[in-house]
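Visitor: What follows is each chain in one-letter form.
Number of protein chains: 2
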Amino acid sequence: MSTATIKVKGMTCQACVNSVTKSLQGVEGVQKADVDLAKHQATVTYDEGKTSPSDLKKAVEDAGFEAE
Amino acid sequence: MSTATIKVKGMTCQACVNSVTKSLQGVEGVQKADVDLAKHQATVTYDEGKTSPSDLKKAVEDAGFEAE
Numbered sequence: 001m002s003t004a005t006i007k008v009k010g011m012t013c014q015a016c017v018n019s020v021t022k023s024l025q026g027v028e029g030v031q032k033a034d035v036d037l038a039k040h041q042a043t044v045t046y047d048e049g050k051t052s053p054s055d056l057k058k059a060v061e062d063a064g065f066e067a068e
Numbered sequence: 069m070s071t072a073t074i075k076v077k078g079m080t081c082q083a084c085v086n087s088v089t090k091s092l093q094g095v096e097g098v099q100k101a102d103v104d105l106a107k108h109q110a111t112v113t114y115d116e117g118k119t120s121p122s123d124l125k126k127a128v129e130d131a132g133f134e135a136e
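Keeping their order, the protein sequence lines are chains A and B.
The first sequence maps to residues 1 to 68 in my numbering.
The second sequence maps to residues 69 to 136 in my numbering.
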């Protein structure tokens, strides 16, 4: 397992946090996703054989938020 | 083209609206998605040969919101 920390821009409320969390959890290989509204970041534990930080960023962007 | 009106629960800010809009626009066959925060609803114009209201609801739920 690896851990990625992704900066997430555009979240302004708890429902945004839920949205990003659910999108990340929907990526195959993601074991755990912790999304922090105040820090504007997501900490994701994932199986590096199944997904990658670029996939995780894409999932955040597909949910309508900016990732970097 | 057909139009579906979907009730969306859980949106509390404009970023939520953007998230639902982007998720709906990502469904193949969706031509237009108007999401209204105050009315808690999404009005979606779609190609009935490519997608269906149940697919649209799934997209909303995958974005972390409730659809009915």
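These are calculated hints, taken from the structure and not from any lab test.
Everything numeric in this text was worked out from a predicted model, so none of it was measured.
Hints are supplied without guarantee of correctness; some may be wrong.
[To be verified] Facing chain A, a subset of chain B residues (Cβ under 10 Å, in silico): (1) Gly94; (2) Glu129; (3) Phe133.
[Claimed, not checked] Computed beta-carbon distance windows for the label pairs: (4) A:Glu61 to B:His108: 18 to 28 Å; (5) B:Thr111 to A:Met1: 23 to 33 Å; (6) A:Lys58 to B:Ser122: 22 to 32 Å.
[What the hints assert, rightly or not] Straight-line C-alpha distance at most 25 Å; calculated DSS-like pairs for lysine-lysine: (7) A:Lys32 to B:Lys126; (8) B:Lys118 to A:Lys58; (9) A:Lys50 to A:Lys32; (10) B:Lys90 to A:Lys58.
Where is the CB? At the ideal position from N, CA and C, for every residue including glycine.
Visitor: Now look at each hint and say whether the structure bears it out.
Guide: Quick rundown of the hints versus the structure:
no. : hint                            : result
1   : Gly94                           : 6 Å, holds
2   : Glu129                          : 8 Å, holds
3   : Phe133                          : 7 Å, holds
4   : A:Glu61 to B:His108: 18 to 28 Å : 25 Å, holds
5   : B:Thr111 to A:Met1: 23 to 33 Å  : 42 Å, violated
6   : A:Lys58 to B:Ser122: 22 to 32 Å : 25 Å, holds
7   : A:Lys32 to B:Lys126             : 22 Å, holds
8   : B:Lys118 to A:Lys58             : 24 Å, holds
9   : A:Lys50 to A:Lys32              : 14 Å, holds
10  : B:Lys90 to A:Lys58              : 13 Å, holds
Violation of the numbered hints given earlier is confined to hint 5; every other hint is satisfied by the structure.
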